[in-house]
Amino acid sequence: MQPPAVDGGHEGCETKRGPGESERDRQFRNFVAERRGRLLRTARLLTGGDPHLAEDLVQAALTKLYVSWSAFLRADNPDGYVRRALVNALTDERKRIWRRFERSVPDLPDHPGDDTAIMGDPELAHALRQLPPKMRAAVVFRFFHELDVAETAEALGVSTGTVKSQTARALDKLRSILRPTPQGVN
Amino acid sequence: MDLHDRLERLGGPITPASDEDIAADLGRGQSAVRRRRNIQTLAGGVFGVAAIAAALAFVGGGHAPDSVPDRVPAIAEASPGKLTLVKYRGPQPKNFTVDKVPNGFFIQVSDEAQLIIAPKPGSAASPTPLPSARPVETEEMTNKIGIYLESKEYRGELEGEKLTVGKYQAILDPPSVSRQLHLSVSPHTWATVQVAVDLSKDQIIELGAGLHINQELIDRYGK
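Protein sequence lines correspond, in order, to chains A and B.
First residue of the first sequence: 1, per the numbering used here; consecutive thereafter.
First residue of the second sequence: 1, per the numbering used here; consecutive thereafter.
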């Protein structure tokens with residue numbers, strides 16, 4: 001299966017600058033139009049299927065990208081830059097309160113559609129939430145986006161050795177939580 | 001089904017960004033840039049060379065997204081010294097009550113989800129030194145203390161110093177830009193005190209010991 005890009009997918013929706021809009025505004029608007037949906041999907045995984053936290057994460061990451069837009073444009077690895085911004089938003093506790101108190105997974109959502117992701121695989125959502133954030137991110141980047149160890153290390157801001165050990169511990173923990181299936185967790 | 005497929009199902013479909021989403025993201029970015037400029041102006045005009053040096057030292061470490069210049073130090077530009085805790089004399093909120101707050105701070109937000117303690121505009125600790133200025137936005141947690149309930153399940157295993165704070169077992173995160181004190185208020189629930197102001201470890205513990213949470217709220221969250 002082709003690994004999905006973390007934020008990729010240029011769909012060619014270039015727009016002209018609106019009245020009073022700077023070049024940065026125009027570029028950022030195009031970036032958000034093209035990539036927000038994919039960022040949100042990654043964020044849903046990074047937050048263990050929590051749609052509210054995922055939205056918070058994407059908003060925080062996009063705000064940081066806008067502030068440092070010129071640095072983002074100059075980055076050698078723009079995709080890596082975006083991944084790092086998402087992870088930093090996941091682990092940055094300083095800027096705001098993260099309302100992590102979610103309903104227990106088996107509960108039905110109050111509003112249809114609110115917990116679409118959890119409804120897709122509540123058992124996996126529950127298991128991912130048992131992992132510390134960076135360990136969860138290692139799983140998402142390695143096994144969903146299929147990044148290599150070096151790319152994952154760059155996204156997490158840790159060494160490659162740490163990625164290997166975190167990934168191994170994460171898989172052990174997931175195996176212990178998830179019910180055995182014919183294919184298991186592989 | 002392998003892990004990749006399960007993750008794909010959990011991640012859900014890619015939904016295109018709406019015009020409202022895009023406009024809101026752009027607006028948040030523009031606001032953040034304006035805030036950054038205002039802080040830089042204040043640092044230059046009010047707090048002088050030491051504050052600028054502190055800010056430069058903080059933002060000068062590269063261009064990775066975690067070091068973008070909006071991450072100014074939590075308190076260095078606003079307060080030349082450590083804060084002191086004083087008895088809180090204002091009206092007590094319904095769900096969270098506090099015995100003490102840092103001098104010059106007030107309860108900015110209180111609802112069922114959170115308590116936010118922020119510096120009063122015009123106080124020594126405030127990044128907005130003019131008394132007539134609006135307090136910083138409620139969602140911005142720099143220079144503030146946030147208190148909230150959170151699920152132990154979501155947090156996973158916590159690392160830090162194990163303590164007894166008041167009647168609760170607690171864990172204090174290692175020192176960082178901000179610190180968090182997690183009080184175990186029920187088998188399922190942490191009450192987290194998130195401190196992004198200049199308080200010592202003992203002061204954070206004192207603050208936590210003076211925190212009281214409505215039992216009904218704890219029970220409701222822990223269900």
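If you're looking for bench data, these hints aren't it; they were derived computationally from the structure.
Note that the coordinates shown come from a computational prediction; the quantities given were computed from them, not determined experimentally.
Among the hints, a few may not be true.
[Said to hold, decoys possible] For lysine-lysine, the following BS3-like pairs were computed, each having C-alpha atoms within a straight-line distance of at most 30 Å:
(1) B:Lys152 to B:Lys201
(2) B:Lys100 to B:Lys201
(3) B:Lys201 to B:Lys162
(4) B:Lys162 to A:Lys164
(5) B:Lys162 to A:Lys173
(6) B:Lys82 to B:Lys100
(7) B:Lys94 to B:Lys162
(8) A:Lys134 to B:Lys201
(9) B:Lys82 to B:Lys201
(10) B:Lys152 to A:Lys173
(11) B:Lys120 to B:Lys82
(12) B:Lys82 to B:Lys162
(13) B:Lys100 to B:Lys152
(14) B:Lys120 to B:Lys100
(15) B:Lys82 to A:Lys164
(16) B:Lys87 to B:Lys201
(17) B:Lys100 to B:Lys162
(18) B:Lys167 to B:Lys82
(19) A:Lys134 to B:Lys162
(20) B:Lys94 to B:Lys152
(21) A:Lys134 to B:Lys152
Right, here's what the structure says about each hint:
Note on Lys152 (chain B) and Lys201 (chain B): the hinted pairing holds, with a Cα-Cα distance of about 23 Å set against a maximum of 30 Å. With a C-alpha separation of about 15 Å, the suggested pairing of Lys100 (chain B) with Lys201 (chain B) holds against the 30 Å cut-off. Restraint check: the Cα-Cα separation between Lys201 (chain B) and Lys162 (chain B) comes to about 13 Å, which is no more than 30 Å; the hinted pair holds. With a C-alpha separation of about 28 Å, the suggested pairing of Lys162 (chain B) with Lys164 (chain A) holds against the 30 Å cut-off.
For the hint pairing Lys162 (chain B) with Lys173 (chain A), the CA-to-CA distance comes to about 24 Å; that is within 30 Å, so the pair holds. Using a Cα cut-off of 30 Å, the hinted pair Lys82 (chain B) and Lys100 (chain B) holds, with the two alpha carbons roughly 15 Å apart. Between Lys94 (chain B) and Lys162 (chain B) the CA atoms are separated by roughly 29 Å; this keeps the pair inside 30 Å, and the hint holds. Pair hint Lys134 (chain A) plus Lys201 (chain B) holds up; C-alpha atoms about 25 Å apart against a cutoff of 30 Å.
For the given pair, Lys82 (chain B) sits about 12 Å from Lys201 (chain B) by alpha-carbon distance, which is consistent with the 30 Å threshold. Straight-line distance between C-alpha atoms of Lys152 (chain B) and Lys173 (chain A) comes to about 17 Å, which keeps the hinted pair within the 30 Å bound. The straight-line distance between the Cα atoms of Lys120 (chain B) and Lys82 (chain B) is roughly 16 Å, inside the 30 Å bound, and the hint therefore holds. Pair hint Lys82 (chain B) plus Lys162 (chain B) holds up; C-alpha atoms about 24 Å apart against a cutoff of 30 Å.
Distance hint between Lys100 (chain B) and Lys152 (chain B) is fulfilled; the C-alpha atoms sit about 26 Å from each other, no more than 30 Å. Distance hint between Lys120 (chain B) and Lys100 (chain B) is fulfilled; the C-alpha atoms sit about 15 Å from each other, no more than 30 Å. Using a Cα cut-off of 30 Å, the hinted pair Lys82 (chain B) and Lys164 (chain A) is violated, with the two alpha carbons roughly 41 Å apart. For a cut-off of 30 Å, the pair hint linking Lys87 (chain B) to Lys201 (chain B) stands: about 18 Å separates their Cα positions.
Restraint check for Lys100 (chain B) and Lys162 (chain B): the C-alpha separation of about 22 Å stays at or below 30 Å, so the hint holds. About 27 Å separates the Cα atoms of Lys167 (chain B) and Lys82 (chain B), which keeps this hinted pair within 30 Å; it holds. With a C-alpha separation of about 22 Å, the suggested pair Lys134 (chain A) and Lys162 (chain B) falls inside the 30 Å cut-off, and the hint holds. Restraint check: the Cα-Cα separation between Lys94 (chain B) and Lys152 (chain B) comes to about 23 Å, which is no more than 30 Å; the hinted pair holds.
Annotation: proposed proximity of Lys134 (chain A) to Lys152 (chain B) holds, straight-line Cα distance about 17 Å (limit 30 Å).
The earlier numbered hint that this structure contradicts is number 15, and it is the only one.
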